[in-house]
Amino acid sequence: MNHHARTRVPESIDIIGAGIAGTWQALLFAQAGCKVTLHERGDASMTESTGHWAGGMLAPFCESEAAEPLITRLGLRSLDLWRGALPETPFNGSLVVSHPRDRADFERFARLAEGHRRVDGGAIADLEPDLAGRFHDGLYFAQEGHVDPRHVLPALHEKLRAAGVPIEFKSAAGPDDFDGAVIDCRGIAARDTCPTLRGVKGEIVTVETAEIALSRPVRLIHPRWSLYVVPRANNRFLIGATTIESEDTGVSVRSALELLTAAYSIHPAFGEARIVAFGAALRPAFPDNLPRIVAGNRTVTVNGLYRHGFLLAPALAEVTVAHVMGERTDAEVVRCA
Amino acid sequence: MVQFYDKTFASRLLIGTALYPSPAIMQAAIRASGAGIVTVSLRRESAGGRIGNAFWDLIRALDVSVLPNTAGCRSVREAVTTAQLARELFDTPWIKLEVIGDDETLQPDVVGLVEAAGILIKDGFEVFPYCTEDLTVAMRLRDLGCRVIMPWAAPIGSARGITNRDALKLMRARLPDVTLVVDAGLGAPSHAADALELGYDAVLLNTAIARAADPVAMANAFRLAVESGRIAHDAGLMGPRDFASPSTPVVGTPFWHAVS
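Residue numbers (my numbering), protein chains in the order written: chain A, 1 to 337; chain B, 1001 to 1260.
Rather than coming from a laboratory, the hints here were simulated on the basis of the structure. As the structure is a computational prediction, the values presented were derived from the model and not from experiment. One should not assume that every hint holds.
To be verified - Covered, in the sense of this in silico footprint (three residues per stretch, anywhere, with C-beta under 8 Å from a C-beta of chain B), are these stretches of chain A:
{"id": "1", "stretch": "193-199"}
{"id": "2", "stretch": "287-295"}
To be verified - Sample of chain A residues lacking proximity to chain B, with all beta carbon distances greater than 10 Å (derived):
{"id": "3", "residue": "Glu48"}
{"id": "4", "residue": "Arg134"}
{"id": "5", "residue": "Gly174"}
{"id": "6", "residue": "Arg224"}
{"id": "7", "residue": "Ala269"}
{"id": "8", "residue": "Phe278"}
{"id": "9", "residue": "Glu327"}
Don't be surprised by glycine CBs; every beta carbon is placed ideally from N, CA and C.
Put together the whole structure using the sequences plus the hints.
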């Protein structure tokens, strides 16, 4: 035995949950040389995953308006990991605009968020020609990106299969069903072992119209929520998301009105768009809305990604791998069980 | 001490539970504010009454009195139904009654408010009505049995402070036995101190604390301002005067020069 070795590679690792958190864990553990198996309660369509309804914004700077510096730090690291894993990920920034009535909230956002520059009506028209003449000033976050969760998750699963990682769909496996190391990435389903985990409802609507094109997420200042319109393939747009302290997963008429009004007020062409789907999911969150990696004897729980699943998953996987391998421990995220 | 129906409280600050960056920060801010009463919106925060159990546990852990509100209701019927739902859910006769009459200013519909208050009081509720500075509306509410009345300082979330001082002073003078709370429109601790100096019994705040860059520090600032305003009121404020009045005689200035 070589007791001086700094790293220890577990023989095999079982990861539970093939959502965005578990998928990135599988990817980075496999890259580190572990024999990984990924287990998922749902089927390959992943429609039961919270990420199915996610915006997929990679926006660490926009999020710095309301989130702790930890989110920005992990998010920035994630941007690099996304670029590395999927070089085609669009990084053409995000745009924040507001209506004159929400001016005070817009200035507050500008004051609290980092990493932006102010843009006038002309610059907005250069970035998004279809918004010409509609907004006179905005904030441009040049370094941010976005992914479509419904494309990216299958693409990452395909990458895993190519790397020899089996994905067991329709699996009933729980954290106690294995003898070796387990990474628990069950999200909101892990409430049985994380009593302080709660669900925070987020509602979205997808619409389709060929009358307007956007090349980046447009965020509209709203007094209560972070509302954005994210362009998707095939003339589709995701409009989201509410943030409601409820564990119900229905979409209320009030929320639908607010989401659709937001899109309509960004551009009236959305008034003629076809509604594709309404949806809601519960974001798993701890009371401080910050992610946690809880390291037990055999099981490591990664949870509480809240509104930031796609933004945080890569960096959290990197932190988990470094901890499990005994290389280093990020004390701001890793706790002992 | 301040009286809200049959309960007394040391703190003269009531605080809302919406818009904080996280429940943990909400808890810390409420503790820092010293508030003994928190308002919870049944509609905005809970989607038709199905408030998240985990979130509700976090509020319960604070060991404060909960004042459910009917925020967002636009008709008498909607407000009454929401109040009944709140009584079941939170097991309290208290209700902050809000009937919005105008979407632009979120101004209370005072006609609907008086009607809804009458229905709820007959049904056994202890009503905390959110109203404008109109004296006759406040008198109607008192006559119906409201022992707490909550006029606005300025529109909800506007952070403008007291915009109609004379009307609020008049209401205080004419309703000496009602617990009067300035609700809505306060943006700075100085605004809260202002309300207490006018003789108001308490203030109700949410946005000014929750949306501060540091909500916990801002909650502490409001706590101090509310205490300060009340102490100043009790100590007896000097009234404003039209001319300078030196606190020490200006020795050597002949009086005929001083009045010229």
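Problem set entry | Contradicted hints - numbers only | 6
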